[in-house]
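Residue numbers (my numbering), protein chains in the order written: chain Z, 1 to 233; chain B, 234 to 977.
It cannot be assumed that every hint is accurate.
[As the list claims (entries may be wrong)] Taking lysine-lysine pairs in the DSS-like style, the calculated list, with each CA pair at most 27 angstroms apart, reads:
#1 Z:Lys25 x B:Lys687
#2 B:Lys819 x B:Lys892
#3 B:Lys568 x Z:Lys21
[Claimed, not checked] Computed, partial: chain Z to chain B, Cβ under 10 angstroms:
#4 Pro9
#5 Asp14
#6 Cys207
What the hints contain is simulated information worked out from the structure, not anything from laboratory work. Even glycine gets a Cβ: it sits at the ideal position worked out from N, Cα and C.
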Amino acid sequence: MKFAVVAFPGSSCDDYLYVLKEVLKQEAASISHRDTSLQDAQCVILPGGSSYGDYLRPGALASLSPIMDKVREFAKEGGLVLGIGNGFQILLETGLLPGAMLPNSSLRFVCRQQTLKVENANTPFTGCYAQGQIIQMPIAHGQGNYYLDPASLKKLQENNQIVFRYTDEAGNATEEANPNGSVDNIAGIINQGGNVLGMMPHPERSCEAALGSTGGLGLFQSAIEFLAERVKA
Amino acid sequence: MLTPQEIKEKQAWRSMGLKDQEYERICEFLGRLPNYTELGMYSVLWSEHCSYKHSRHLFKLFPTKGERVLIGPGENAGAIDIGDGLAIVMKVESHNHPSAIEPYQGAATGVGGILRDIFTMGARPIASLNSLRFGDPRDENVRRLVRGAVAGIGDYGNATGVPTVGGEISFADCYRGNCLVNAMSVGLVRHELLTRATASGVGNPVMVVGSTTGRDGIHGATFASAEFSEEDEGELPIVQAGDPFTEKLLIEACLELIESGVVVGIQDMGAAGLTSSSAEMASKAGSGIEMDLTVVPQRDEGMSSYEIMLSESQERMLVVPKAGAEDQVKAIFEKWGLHAVVVGRVTDDGMLRVFHHGEVAAEVPAKSLSTDGAPSYVPEAKRPEYLDELWSFDFNQLEDLKQEEIQDAFWKLLASPNIVSRRWIWEQFDQHAQLRTLVGPGSDAAVLRLPGTKRGIALTVDCNGRYCYQNPRVGAAQAVAEAARNIYASGGKPIAITDGLNLGNPEKPEIYWQLKETVQGIAEACEALGTPVTGGNVSLYNETDGEAIYPTPIIGMLGLLEDAEKHATIGFKNKGDLILLVGENKDELSGSEFLTVQHGLVAGPGPELDLELEKRNGEFCRSLIEKGLVSSCHDISDGGLAIALAECAMAGKLGARVKLYCPERRDSLLFGESQARYVVSLPEENYDALRGLAEKQGVSISLLGRVEGEEFTVELGEEKVISTRVSEMLDLWSSGLERLLGEE
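With the hints as constraints, model all of the structure from the sequences given.
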């Protein structure tokens, strides 16, 4: 199996399985949060949705699921892990990525098409984008206000770990272009090893023009190409 | 708890909302005095909310049959065939009273309740819509209600993974004390999985599944069937609390259970909880049910039989599976971390018999609780006198706008509460979950694709309460017509409706007259437009200190697109496209938003309605979209032609240059709300084809102008009366609602 989508209670696996199987013609299946094996997955996706109803803190309860021990091991060994929306929150709660999520600065849920800038096109998830490319993708979250202390943020910036920023159409990371108050307009980050990506925008909702944008297509295509290269090597 | 004799002596039924003759009716049914638990059960099920006792005799006027109707009114929701073995299940429900007290939980549990009505039928909820009414958004309490209700709808829907794809909101002073929160939910199901709420098969087990039962929401249905007074604003405990996470699990568990094929009947526990679900299921099957309350999973200690039977704790279902399948049911619910407990069985004696701690706590004929036994009243009807005053208004006394006043009037209207963008609201809703949303909020109707078929559906909810106040019958028909216009303008063919009737106290003759007229108006329009009524909801007693709301019949409509890709949106698409008016201006101002905003007036009988014309013009627009002749299509409603043009421009971020000829009044030409009209834009090369079709179908069209870059100008004769830029309009309009609500 190429892609494994982890099914936590309350998460939206079906959208990911649809895109991977029907749109991208990839081998993909869901794995229960109760499972203790990732089988032979080459890329693990922690999906969006509201695992455990976002109770306590979004992602906090899901991060304690039995499967997450395996995800941690898999990440440590260099396996590709992609956390989207709630999946990003789970990665933060698990400690696989640094920082924490606060409620949106507006204190309201926000759902809209959002402009993003690809800040690092040199990752397994962004190889198909051009460096600095401006893309559109929907966001839909109540707690996407990414926070990191200034010292760690500096490290993140220096290591080129910021992958996506919220920007305007000209690519400027302005305050008006920031939908949730995230520090440094951060929309997505990658770990130091370059194999664990977390992002609030929803690429799975952005793979077909009929749904309003195709900015997310490059993300999955990048991962598919990266995995194909890895198999060859 | 009072003894039966004490109940009689103290006339305890009165405090539960029962009338003296209703108590007598209960005694007759039982052949003895009811005990406290039994009295409570009757009082909730015989409330207006559950029994529709002042309204249900009117529903026979509704057209409910049609070749596409698989299940009509009477079940949890209606089901409509959309081809390819698929059906759409849909329903509107109100949560007005709880939302007025605690808007967040009131609105949230409204969404939860209507979702359960959908998946109880075996359908997966794929979309929600909502229809909201509040007082002046500048009022501090109204702001609190709007904030709470919108967040409640959003949080519940978002967490359950069901997208909110459309809705409407309007503001008028009559809703200040009685806000309206109506939620509509839409589900998708294969025909063979459609499931009903029936308890048949003697000996089959009866199971309570889902959440635990607590003391919340006791007597919610009774409370929803009474008027408000000022003191009620502290009534917290009757409002239930929602748990969308449990709902999400319940959706998955129930759909898996229904798919497994062991379900005989299933019913959600909404208003009146265990009492209504058991009585309705038994009554429908002509059977009885025996239950032991002692084994019902409870979250509070020491609950009495009265409390358990009347609790409105959320996220619970009553399931009757085939005998022998109990363990299978339990296994499915345990997998999702939910309770599933056998509490009783189906019997053949027609009695609802309830045991608690080894004793009979209640024993009543199931049918006597249901609408079979509930009283039905035909109140006195009287045409309200205010209508004469409204209708006698002489529009000639109203001075027309001068040329130079038009621009200001346009700005004022564009920034008014009922016309500014609703973006602030819909951005709080997840519109894209489940990946079906081709057109979300902000256009005329939502359009959803249905993977596995080429077909798509269009969805809308509509009502203009002011039109209904000015003429309840025509106004109600207009609500249906407006919904149809939104469907047509999106490329769909209207095929069915669900309705939510929100009115005042039906025991007042003027209100009952409004109710009767409303039902007749809906019936006439549905008959004419070929959209059967598949179910709905009634919320009466929307009054505060004796003042009723406008009659507000919310119409939720389903449209079908043979090819989902062939839909239209309202925004202009290409610079240079021609702009055309479909339909005719009738030089009328009555009922218009302009009249209220500019002159502070509600006057006249409302705009005229011609249902034949609605159908002809609507079908014409739909066929233009299907043939791919037009780039955009938008119906003309609040604010008239000028506002419709501005909306097309702002949605497409393209300007327009429009030239109008003004034979009569300037104000009615620009801002009047004549019905059956649309603005379409199209490439010039399609014009001849369109004109040919219009002639053939007898549809009136007129050329208005062209789509431009950034400039937006309207000329009357030779003079520019509106001249602005799209960005300037957007600045005012797109964040207008948060400005009005003080949320900037």
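Comparing the hints with the structure gives:
no. : hint                : verdict
1   : Z:Lys25 x B:Lys687  : 20 angstroms, holds
2   : B:Lys819 x B:Lys892 : 18 angstroms, holds
3   : B:Lys568 x Z:Lys21  : 26 angstroms, holds
4   : Pro9                : 6 angstroms, holds
5   : Asp14               : 7 angstroms, holds
6   : Cys207              : 9 angstroms, holds
Against the hints set out earlier in the document, no violation occurs for any number.
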